[in-house]
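Peer 1: For the sequence shown, the working numbering gives the first residue as -15, with consecutive numbering after it.
Worth flagging that the hints you see were computed from the coordinates, not collected in a lab.
There's no promise every hint is true.
Said to hold, decoys possible - Heads up, simulated DSS-like pairs for lysine-lysine below, C-alpha to C-alpha not over 30 Å straight-line:
(1) 45 / 169
(2) 233 / 45
(3) 233 / 264
(4) 264 / 210
(5) 262 / 233
(6) 274 / 262
Said to hold, decoys possible - DEER-style ranges, computed between Cβ atoms:
(7) 132 / 228: 50 to 56 Å
(8) 202 / 180: 39 to 45 Å
(9) -3 / 17: 26 to 32 Å
(10) 263 / 124: 22 to 28 Å
In this text, all values refer to a predicted model and were calculated from it rather than measured experimentally.
For each residue, glycine too, the CB sits at the ideal point set by N, CA and C.
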Amino acid sequence: LVISSTQTSNYDADNRIFTLSQREFNDARKSMDRITAQARNAASDVKDVIVYNALAPVVAKKDKQVRLRKNPTTKRFQQVLMNSSGLDEEDHAALVEMVTSDATRIARSQPEKLSALRDEVQLATLDALIVEYETMLSEGHNESDWQNFFQDQPLLLSMAFGYPIIQVEGHASVGGRKISGFGEKIADFLYQNGQTGNVALFEIKTPSSPLLETREYRGGLHAAHKELSGSVSQILDQRYQLQLHFASKIAASEMFALKSYAIDCCVVSGTLPTEKVKQKSLELIRHNSKDVTIITYDELLIKLKQLSQFLAADKESKPAK
């Protein structure tokens, strides 16, 4: 094959030489490039919609339809691609793997699309967690079930305080073992401040755990239920034991980033009462408990939903690219 800038296109059968003029070569190359670009545009359009529709059921949004282009070739490519079979579970896994492995290149070439996909995934993941959490609340699980759930979903407890914390350990040993070997003090969860390393302890009860005594104490007030008082005393003792044994625990575990400047404590228990007088009593009790944060299961759910609404509003406010 000879590409010539001076000769016209011809074929020499004796010498088996095909001569292609430079002009005709350039015309053919441009046509192929044009077809390739049209195919890529069509594939991009269809893939965007497929990814969106794969996530849409999770975030309770309607499916999108591919917007057909005016160019007849591109339009035909779109129609052919749309008639292919939908994605199954294996396809979804391959799609996720492809995006993950190619994330660096996508971030450089199409950062706005990667950012949009990240926002969709964050929303989908968060909304799926909300649904799972609401299901758990309706099924009456025991403490062990909730501890396992919080172990698998560390985001939930990280929202208990007004600063960023990350999970360190579930069923963490905080010391206090007797000479006989019994009586080890175990906290349900140990978290740490992501910036300072200051640790926090969590005591987990159930959504059905009582917070207030049923009978009115006096003056329209209800006293804290003995189970709530016991939980507060228990986590304060865990904090005391951890402070006593902190140096040895850190040295043994080699978790030198953990600090015990001022160990925070949190009890997750019960749900908010509906009666105004009980709401008042609960607020008086927990706001007077300066060393222990008391948060209910439905309050954690509200925090999750507020985060979801914030992310959705932030996504909607971003200009279309």
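Peer 1: Within a Cα-Cα threshold of 30 Å, do residue 274 and residue 262 meet the stated pairing?
Peer 2: Status holds; Cα separation ~20 Å.
Peer 1: With 50 to 56 Å as the target window, see if residue 132 and residue 228 comply at their CB atoms.
Peer 2: violated, 29 Å
Peer 1: Does residue 169 lie within 30 Å of residue 45 when you go C-alpha to C-alpha?
Peer 2: violated, 47 Å
Peer 1: At the C-beta level, are residue 202 and residue 180 separated by a distance inside 39 to 45 Å?
Peer 2: Given a distance of about 43 Å, which is inside 39 to 45 Å, the answer is holds.
Peer 1: Taking the Cβ atom of residue 263 and the Cβ atom of residue 124, is their distance within the range 22 to 28 Å?
Peer 2: holds, 23 Å
Peer 1: Evaluate the given range 26 to 32 Å for the C-beta pair formed by residue -3 and residue 17.
Peer 2: For residue 17 against residue -3, whose Cβ atoms are near 31 Å apart, the range 26 to 32 Å holds.
Peer 1: Does residue 262 pair with residue 233 here, judged by a C-alpha cut-off of 30 Å?
Peer 2: violated, 41 Å
Peer 1: Against the 30 Å threshold, does the CA-CA distance of residue 264 and residue 210 hold or violate the hint?
Peer 2: holds, 18 Å
Peer 1: Take a quick look at whether residue 233 and residue 45 sit within 30 Å of each other, Cα to Cα.
Peer 2: Between residue 233 and residue 45 the Cα gap is close to 49 Å, so the pair fails against 30 Å, i.e. violated.
Peer 1: Going straight from one Cα to the other, do residue 233 and residue 264 come out at no more than 30 Å?
Peer 2: violated, 40 Å
Checked against the numbered hints above, the structure violates hints 1, 2, 3, 5 and 7; every other hint is satisfied.
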